[in-house]
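**Q** Read off the chains here:
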Amino acid sequence: MSDLRPSLDTPEVAAAEEVVATETTAAVRSQRRSPLGMAARRFRRNKIAVGGGVFLLLILLLAVFAPLIAQQSPTAVDLGAIRRAPSGEHWLGTDASGRDVFARLVYAARVSLLVGIFAALLAVLLGTVVGAVAGLFGGWLDTVLMRTADMMLSFPSIVILIVLAGILGPSIPILIVSIAITTWPTTARLVRGVTLAVREREYLHAARVAGASRGWMLRKHIVPAAMGQIVVVGTISVAGAILAEAVLSFLGLGVQPPQASWGNMLNDAQSLTVIQSMPWLWLPPGLAIAATVLAVNFVGDGLRDAVDPRQSGRS
Amino acid sequence: MAMVLAVAACSDPTQDDTSGSGDDGASSGSEDTVLNAYLYQPPAAVFSPMAPASGPDQVVMNLIFDSLLGVDPDYDLYPRLAADLPEISEDGLTITYKIKEGLTWSDGEPFTSQDVLFTYNLMTNPDTGSPGASKFADVQGAAEVAAGTAETVSGFSAPDDTTFVMTLTKPNIGIVALTGNTMIVPEHILADIPAADMDTTEFFTQSPNVGLGPYIFQEYKTDQHVHLVKNPSFREGEVEIDEIYLRPVTSDVATAQLGTGEMDLVQISPADLETVEAMDGIEVGSGPGAGYIRTSVNEKKPYLQDVRLRQAMLYAVDRQQLIDEALGGHAQPVNTSFMNDALPDDLETYDYDPDRARELLAEMNWDPNQVIELSWIPGQRDRDTAATILESQLNEVGIKLQLKQVQPGELTDLMNNQSYDMTLYGGGNYATDPWAVYPINSCATWFPNGGNLSYWCNEEFDQLMLEANATVDEAARYDLYQQAARIENAEVPMIYLYNPDTIWAYTDDIKGFVPNGDFTNPFWNVQEWSLEG
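Sequences listed follow chains F and Y, in order.
Note that this note's numbering has the first sequence beginning at 1, numbered continuously upward.
Note that this note's numbering has the second sequence beginning at 316, numbered continuously upward.
Heads up, a few of these hints could be off.
What follows is a set of in silico ranges between Cβ atoms, one per label pair, in the way DEER data are often shown [to be verified]: (1) THR143(F) x GLU346(Y): 56 to 62 Å; (2) ARG219(F) x THR537(Y): 49 to 55 Å; (3) ILE160(F) x ALA593(Y): 41 to 47 Å; (4) TRP216(F) x ASN731(Y): 54 to 60 Å; (5) VAL622(Y) x GLY80(F): 25 to 31 Å; (6) PRO173(F) x ASP668(Y): 57 to 63 Å; (7) PRO156(F) x THR537(Y): 17 to 23 Å; (8) GLY166(F) x ALA593(Y): 33 to 39 Å; (9) ARG219(F) x ASN731(Y): 50 to 56 Å.
In case anyone wonders, no lab produced these hints; they're calculated from the structure.
Keep in mind the model is a prediction, meaning the values are calculated, not measured.
Backbone N, C-alpha and C fix where the C-beta goes; we use that ideal spot for every residue, glycine too.
This is chain F alone, in the form it adopts within the complex (with noise of 0.2 Å):
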C-alpha cells in the first residue's frame, strides 16, 4: 500500500494538469484522437498489463461463477476424507476437516474480490470527497483534513487495523471498513493536489464569476479532472486491499470460519506436518494471493502509464 505513496504526492499536480487539458478538449470526439481511447491503446501495448487485466477477468468469473465450477461445498466436511492429497475427485486434495480445497480457494476469490473491490471504491470515494473539499475550500477546513490525513499515513496501518478489528470484532463489512479508513488519504492528496491547480485555471474563474456553486465545480470540473489518477491509485488500492484481507484474515482478525478466505486457508495450514508434507493446502492460496495482487499492479501500472505517459518507466 504504502510503496505508492510518493509517487502520487504533489509533484503529480503538473501531470494532473496535463489530464485536465486533455480531458477538455475531449469535447470533440474525434475518433481516432480522443484521449481516452488514446489511453485505452496505449495500455492495450504494455502487455504486461494486459496480462493481468485477463487474469483477473478469470479471478472475477470464477468468483462470480463459483458454484458452477465448484462441484463440492467449500464447506462440507467429509470425515471419511481428511487431508487426502489432490485427486479426480478432489482436484487439489482436502483440508483437516476433509473440506474440498479446489471448492475452498475459489468461493475464496469471492471474499478477496469483494473486500478488495469495496475497501478500495469507499477509500477513493472518501478520499475524493475529503481532497475535493479541501483543495477547493482551503483554509483552516483543508488544514484539519489535510493533517488528519497526515496523521492516518504516518500510522502503521496493520496496527490500526488489527485494534479496529479488535474492538468491532471480526466480519466483512467491517474490514471493508476498517481497510478503507485506513487507504483514503492517499486518494485525498491526490484529489487535492489536482483540485489545488484546477481551481486557478480560467475556465474555473469564469464559472465562478457566472456564479458557478461550488458544488457544481466539483462535479463538473474537477472530478472528472482528477478521474485518471483516481481510477490508477483505486485499481492499486484493490491490492492493498487484498494483501489487507489475507493478513488479517490469516491472524484470525478477518473472515471468520468456516467461510473460506485465502488469508484464513493459510491460517489452517499453518502446522509443521501441513507444511512439510501437505503443499495442496497452502501452495494454492498462496499463490492465489500472490497471483491476483501482482495483476492487480501489473494493471495499475497499466492505467497510469496509459493515463500518463511521461510517467512510464518511472515506477
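Given chain F's structure and the hints, the job is docking chain Y onto it.
**A** Here is chain Y on its own, set in the frame of chain F:
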C-alpha cells in the same frame, strides 16, 4: 489480538538467552538451565485458587503453589504437602490431614496448618468469588459462611501446626479428591485483604511471588510468556532446572518451535504425531485424559432447553469418525462424564445417525432459522477442527450453528453474563473420584457457584449423586453413581465430543519427564527433571 501477539512471540527477544535448547551446546556449566514450555492458551492472569477454573492459569499455579494432595498420571491421589493421605474417621465425618514438618514459604516464612486453615476458609467463602465454595457445602458451618452469618467455617480447625481437620455434617466420600488439590495460599501475605477484594488483589493478578511450589513467579508478560525461577525452599529441595518460560502460542507454532529448539516441551496434536516422531532428538509420550472435550449448552436460553435438541446434536455429529480420522484414533468416545467403575456399560452411545437427529428436531418443531453461536478460544488444532466439524454437521441436519472465536477475557465475560449459547472447552478430572461430576452438573453448582456451564438441573440426578457420595460401601456407592450416569447420558447436559489422549513431545535433553494425561499438570514431578545441553 492475543493470537497476533502469540505469533509475534516466535521472535521473542527473551529466547536469546536460553541455554537449555541445546544448539549452543558448549555453554559453560555455570549457566542457568532454562526450559521453554508450551502454554496451550494465554492465561486469564488471575493466579488464584478462588478464580473461575482456567486451564492455563492452573498450569502456572501447579508450579508456583502446592496442595495437600496431588493426582498422579494414574489419577490416584498422593500426598504433597500432607505427610500422608488423610485419615477418615469410621463414621466418615472427620477428615484429618497431617502436614509435613519444617516447610517454609518461598520468602522464608514458616508454613503451618494455619495457612491451610486460612486457604480453606477463603475457598468456602462465596465473597471471594470462589466457584469452589459448593465443594465444601457439607463441612460443618460452611452454610453459615455461605449465608454470611459467620466469618469462618467452624468445621475447619488446626489443633496444632501440623494438623488440619475437616468436620462434616454428613459423610462425603468425594470431598477428599475434590478439595485435597486446593492450592494453599500464604496467610502472612493475604491476611489483611478483605474477602471481597480477593479476586482483584495484586498478589493474585500481578505477582503471586510467594508460594510453596517448586518455582517462584517472576512475571507474566501479557500474551508472551510466564517466567518462573526455582524456589530454593521447595519441600523436596531445590529443583534442577533453574528457570521455566511458559509461552502461550498456537499448537502449530509450538510444534514448529520444537523442531527449531526454541521450545523444549509441547503438547502436540495427534495430526502432527508422525512429523514430530520423525524429528531428531525429540521424544513423544502420552497419557490418557481424565476429562474430555465438550460443549456446554446454555439452558438459560429458551431455545436450548429441549432435551431432544441436545440428543439431536449428538446424533448429528459423527464423533467416532472425528476420533478415527481427525484425531488419528488418539482419543476415546464419551457419552457421559463418568469414567472407570462409575461408567455403566448399557449407555446410549448416540452413534452417528443424522436421520434420527432430523426426526428429533421435527418432533420438537425446531426452528431452522434459530441461530446458535458456538464460542471458543481458538489456537488448538484439534479443538478448531472439532468446531469446524460441529458447524458443518449440525447445519446439515438443520441446526444453524455459527462459529465465534473469542479471546480468554471475552469468554469470561460471556460466562459471567450467561450470554453464550454454546462454548467449546475441555479438561477436568473425573477419573480420580466420580464426585467430581457433581460440580459440573448439579442444580446447586450453576456457574459462578460451580462449574455447571449448561445450567442443567435434574433433581433425581442430584439426589443420586449426594446419596452416592455419602455411601461408605464402595460397591453400593458405584452402583448409585452408575444410576446417575444413566440419567446424565439420557439428558445430555453437554455435547460430549471426545476424551483426547494428551500427547507430549519434548527434547531428549529433558530427563525424568513422565507424561501426564492431565494437560494442566505436565510438571507434576518437575523435581525429578533435569535438562542437559
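**Q** Checking against the hints above, which ones are violated?
**A** Checked against the structure, the only hint that fails is number 6, while the rest are satisfied.
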